[in-house]
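Chemist: As a plain string of letters, each chain reads:
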Amino acid sequence: MTQAYTWGAIFAVVLASCSGDVLLSHAMKQVGDLGELWRQTTLLHLAGRILKNPSFLLGVACMTVAFYSLMFALSWADVSLVGPAAAALTFVANAVAAKIFLHEKVDRRRWAAALLVAGGVVLLAA
Amino acid sequence: MTFRKYFVLAGVAVSAAIGDSLLSRGMKQIGSVSLQSLPHFILAILNPWVALGILFLLCFFASYMTALSWADLTYVLPATSLSYVLLALIAKFVLHEQVSAARWAGIVLISGGVGFVTRGPELTHPEQHAEHPIEPEAELEEAGKHSRSRQ
Chain A
1 MTQAYTWGAI FAVVLASCSG DVLLSHAMKQ VGDLGELWRQ TTLLHLAGRI
51 LKNPSFLLGV ACMTVAFYSL MFALSWADVS LVGPAAAALT FVANAVAAKI
101 FLHEKVDRRR WAAALLVAGG VVLLAA
Chain B
1 MTFRKYFVLA GVAVSAAIGD SLLSRGMKQI GSVSLQSLPH FILAILNPWV
51 ALGILFLLCF FASYMTALSW ADLTYVLPAT SLSYVLLALI AKFVLHEQVS
101 AARWAGIVLI SGGVGFVTRG PELTHPEQHA EHPIEPEAEL EEAGKHSRSR
151 Q
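Taken in sequence, the protein lines are chains A and B.
Numbering of the first sequence is given in our numbering, commencing with residue 1 and proceeding in unit increments.
Numbering of the second sequence is given in our numbering, commencing with residue 1 and proceeding in unit increments.
Rather than coming from a laboratory, the hints here were simulated on the basis of the structure.
As the structure is a prediction and not an experimental result, all values here were calculated from the model.
Even glycine gets a Cβ: it sits at the ideal position worked out from N, Cα and C.
Cross-link-like lysine-lysine pairs, in silico, BS3-like; alpha carbons within 27 Å at most:
1) K28(B) with K92(B)
2) K52(A) with K99(A)
3) K99(A) with K5(B)
4) K5(B) with K52(A)
5) K105(A) with K5(B)
Only part of the chain A face toward chain B is listed, based on derived beta-carbon distances under 10 Å:
6) K29
7) G35
8) E36
9) L37
10) F56
11) A98
12) L116
In silico negatives: residues of chain B with every beta carbon more than 10 Å from chain A:
13) Y6
14) A10
15) G11
16) G26
17) K28
18) Q29
19) I30
20) I42
21) A44
22) L95
Using the sequences and the hints given, assemble the complete structure.
Modeler: Put into structure tokens, the structure is as follows:
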């Protein structure tokens, strides 16, 4: 039963942080290349432009949910399982989500990178 | 990829690793947190290590957003995962923790992943800019297009 709770919490963290990453990435693509915008406008204007973006606000909200779910899970589950499992699964889930929702071309190179990093994160926690 | 862009990616990895280490150090001074000690927990930001850690994590967020403004999510995430490697190195050389053989293997895998993804293109969907034109600041977008076409 405890194990079901632990994996439920890991699933919640992965879902929330993955949604957050996709929304933030979408928001920043809408805002545009900050390096170019930087030359044309003031910091205040740029900050306003980002903060007014609904995807950005929703993304930050998802990240907040992910952060608190992780804190919540860490308070009763095993750190050495929850931490790396959530981080590694987020890498893989993000590759899938970016392909579906952001229409990124996730080629073999990027799949390899996502899987290598996910495997590396698991080993780091071992 | 310009030097400026590599600099931003490095900023994401370095500020995340330093921010996390500073927070970890500060929170160990404060001790474990429970619901009863919530006011104590809120005062945690007054701890200089925690405050400095939060400052670094703000830098992390700013550079992460900057990177996402010109690169794919599936590029930025693996490319900045060097922060895990940096965290392990900080743990070994600054905090004098033991780094096991499995951890070194993990570092090798992550570095391999970073090498893989950074050799490819950073943006694979240029049409997305066209699909979502920015509504209010028409003149800004216009200027953006000009500077883009100049490159």
